[in-house]
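Colleague: Residues per chain are reported as follows:
2 protein chains.
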Amino acid sequence: MIKPVSDLARRIGHNFSDESLFELALTHRSCGKKNNERLEFLGDSILNFVIADDLFARFPSAKEGELSRLRARMVKGVTLSEVARELGLGDYLRLGSGELKSGGYRRDSILADAVEAIIGAIYLDSDMETARSYILSWFDERLKNLDMNESLKDSKTRLQEFLQSRRLPLPTYDLIKVEGEAHAQTFYIECQVQGVDKAPKGTGSSRRQAEQEAAKSALIALQVEK
Amino acid sequence: MIKPVSDLARRIGHNFSDESLFELALTHRSCGKKNNERLEFLGDSILNFVIADDLFARFPSAKEGELSRLRARMVKGVTLSEVARELGLGDYLRLGSGELKSGGYRRDSILADAVEAIIGAIYLDSDMETARSYILSWFDERLKNLDMNESLKDSKTRLQEFLQSRRLPLPTYDLIKVEGEAHAQTFYIECQVQGVDKAPKGTGSSRRQAEQEAAKSALIALQVEK
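Chains A and B are the protein sequences, given in the same order.
Numbering of the first sequence is given in this note's numbering, commencing with residue 43 and proceeding in unit increments.
Numbering of the second sequence is given in this note's numbering, commencing with residue 43 and proceeding in unit increments.
Do not take every clue at face value.
As the list claims (entries may be wrong) - Computed cross-link-like contacts, DSSO-like style, restricted to lysine-lysine with a CA-CA straight-line distance of at most 30 angstroms:
#: 1; chain 1: B; residue 1: Lys186; chain 2: B; residue 2: Lys198
#: 2; chain 1: A; residue 1: Lys75; chain 2: B; residue 2: Lys76
#: 3; chain 1: B; residue 1: Lys268; chain 2: A; residue 2: Lys198
#: 4; chain 1: B; residue 1: Lys240; chain 2: A; residue 2: Lys219
#: 5; chain 1: A; residue 1: Lys45; chain 2: B; residue 2: Lys258
#: 6; chain 1: B; residue 1: Lys258; chain 2: A; residue 2: Lys240
#: 7; chain 1: B; residue 1: Lys268; chain 2: B; residue 2: Lys105
#: 8; chain 1: B; residue 1: Lys45; chain 2: B; residue 2: Lys219
#: 9; chain 1: A; residue 1: Lys195; chain 2: B; residue 2: Lys268
#: 10; chain 1: A; residue 1: Lys219; chain 2: A; residue 2: Lys243
#: 11; chain 1: A; residue 1: Lys198; chain 2: A; residue 2: Lys243
#: 12; chain 1: B; residue 1: Lys198; chain 2: B; residue 2: Lys118
#: 13; chain 1: A; residue 1: Lys105; chain 2: B; residue 2: Lys76
#: 14; chain 1: B; residue 1: Lys198; chain 2: B; residue 2: Lys76
#: 15; chain 1: B; residue 1: Lys219; chain 2: B; residue 2: Lys198
#: 16; chain 1: B; residue 1: Lys186; chain 2: A; residue 2: Lys243
#: 17; chain 1: A; residue 1: Lys258; chain 2: A; residue 2: Lys268
#: 18; chain 1: A; residue 1: Lys268; chain 2: B; residue 2: Lys198
#: 19; chain 1: A; residue 1: Lys243; chain 2: B; residue 2: Lys240
#: 20; chain 1: B; residue 1: Lys76; chain 2: B; residue 2: Lys195
#: 21; chain 1: A; residue 1: Lys219; chain 2: A; residue 2: Lys195
#: 22; chain 1: B; residue 1: Lys268; chain 2: B; residue 2: Lys240
#: 23; chain 1: A; residue 1: Lys268; chain 2: B; residue 2: Lys45
#: 24; chain 1: A; residue 1: Lys258; chain 2: B; residue 2: Lys240
#: 25; chain 1: B; residue 1: Lys258; chain 2: A; residue 2: Lys268
#: 26; chain 1: A; residue 1: Lys258; chain 2: B; residue 2: Lys243
#: 27; chain 1: A; residue 1: Lys75; chain 2: A; residue 2: Lys118
Simulated from the structure, these hints should not be mistaken for laboratory data.
Being a predicted model, the structure only gives us computed values, none of them experimental.
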């Protein structure tokens, strides 16, 4: 049963002057042409700015690369779908009949996109400062808990920790081939990981480096990172 | 001779309450630890939002994918370095001795980064609305001239048009290898293009598709697109 969006608006705490905009933000493309993809495009850019601005002030001595990594962790699909669950969006999504039963990663990504679309809708319905205050209230705890060192962990470690947190089996790394002469070899690695049909690949000038690249591809394929 | 930043501030039309912020925005990392990279990170997110917001309103029937492509053309390095030249930034850049003579793509990318850093500096010195009005004045003509059809051109066409506009030789596409059985082949293409040392590669299930992918890689390697 799909619940009326006015309930959710009340829960989020925003009084939409145009509630149809909020309904649009919850409408997946499986419903047809009028859907939340344009709002998601807009909301994504607002979220990226608000988090960038917050991190810039929060970590005055962090370098650009560190800020980028920290932001990537805040705006990645897994984090956004967590926010969606905390807001209880699931019951309010407008989905086409084919999507109603979709579960797992597919549903997570629909939830994550809806969070961005809602940010776009709040901005259009009010202004940047209002959108900013909602975003910061949803991300407050996560921003406080950010540990700069976390973002420096390598890809294999991050993949392993993600799988362990979901009680999934650990990945295996298979050496597919080695090319080139001894002093300039290229290693080709495939990563076998549950939940990804087409094995993520990595290449590098050492086996270790190729494995890291394969782990990075796996994290992207799992939509844990961008 | 490096000119004083106050001249440039006057030309841009912004009266910085903290001119050292503006000077920082013009300071390349080759000068040392205090450089414009953090401001660039912040300014990039502001630019992305302002352009997204403008395109959202300007093209009410464009789909999310079209809006993304149009924005990518606005915020890509080549466009930003054009903006930098129009603002006359070149004479005001603070570069380390190693970078002073750098030319071509290298210099273009330093100029493009400085534009983003200046956006970040203006925002910190004032507010989002002020930053927005500068961005829109710098991009006004380009936004008006945007043609949605342009963004639908394929990568090979865009690469050819870019090279022709610079009077550079056209690229060649070499088939490196074909793998797999007749019904499921993978084609490997390398694109030879002036200005890129390591030939951009593309793979695909047809030769045409692999060439398009190689052209896309070439556009990225040339910093024409992201």
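Colleague: The structure should be examined with respect to each hint, and the outcome stated for every one.
Modeller: Hint-by-hint comparison with the structure:
1. Lys186/B x Lys198/B: 25 angstroms, holds
2. Lys75/A x Lys76/B: 49 angstroms, violated
3. Lys268/B x Lys198/A: Holds - the C-alpha atoms of lysine 198/A and lysine 268/B are around 26 angstroms apart, at most 30 angstroms.
4. Lys240/B x Lys219/A: Between lysine 240/B and lysine 219/A the Cα gap is close to 22 angstroms, so the pair holds against 30 angstroms.
5. Lys45/A x Lys258/B: 44 angstroms, violated
6. Lys258/B x Lys240/A: The hint holds at about 23 angstroms.
7. Lys268/B x Lys105/B: 20 angstroms, holds
8. Lys45/B x Lys219/B: With a Cα-Cα distance of about 54 angstroms, the restraint between lysine 45/B and lysine 219/B is violated, given a limit of 30 angstroms.
9. Lys195/A x Lys268/B: It holds: about 26 angstroms lies between the C-alpha atoms, which stays within 30 angstroms.
10. Lys219/A x Lys243/A: 12 angstroms, holds
11. Lys198/A x Lys243/A: 13 angstroms, holds
12. Lys198/B x Lys118/B: 18 angstroms, holds
13. Lys105/A x Lys76/B: 10 angstroms, holds
14. Lys198/B x Lys76/B: Violated. Lysine 198/B to lysine 76/B sits at ~41 angstroms, over the 30 angstroms cutoff.
15. Lys219/B x Lys198/B: 20 angstroms, holds
16. Lys186/B x Lys243/A: 42 angstroms, violated
17. Lys258/A x Lys268/A: 9 angstroms, holds
18. Lys268/A x Lys198/B: 26 angstroms, holds
19. Lys243/A x Lys240/B: 21 angstroms, holds
20. Lys76/B x Lys195/B: Status violated; Cα separation ~41 angstroms.
21. Lys219/A x Lys195/A: Holds, at about 27 angstroms.
22. Lys268/B x Lys240/B: Answer holds: lysine 268/B to lysine 240/B is near 17 angstroms, not above 30 angstroms.
23. Lys268/A x Lys45/B: 41 angstroms, violated
24. Lys258/A x Lys240/B: Given pair lysine 258/A, lysine 240/B holds - Cα atoms ~23 angstroms apart, limit 30 angstroms.
25. Lys258/B x Lys268/A: 20 angstroms, holds
26. Lys258/A x Lys243/B: 20 angstroms, holds
27. Lys75/A x Lys118/A: 26 angstroms, holds
In this structure, the earlier hints numbered 2, 5, 8, 14, 16, 20, 23 are contradicted, and the remaining ones agree with it.
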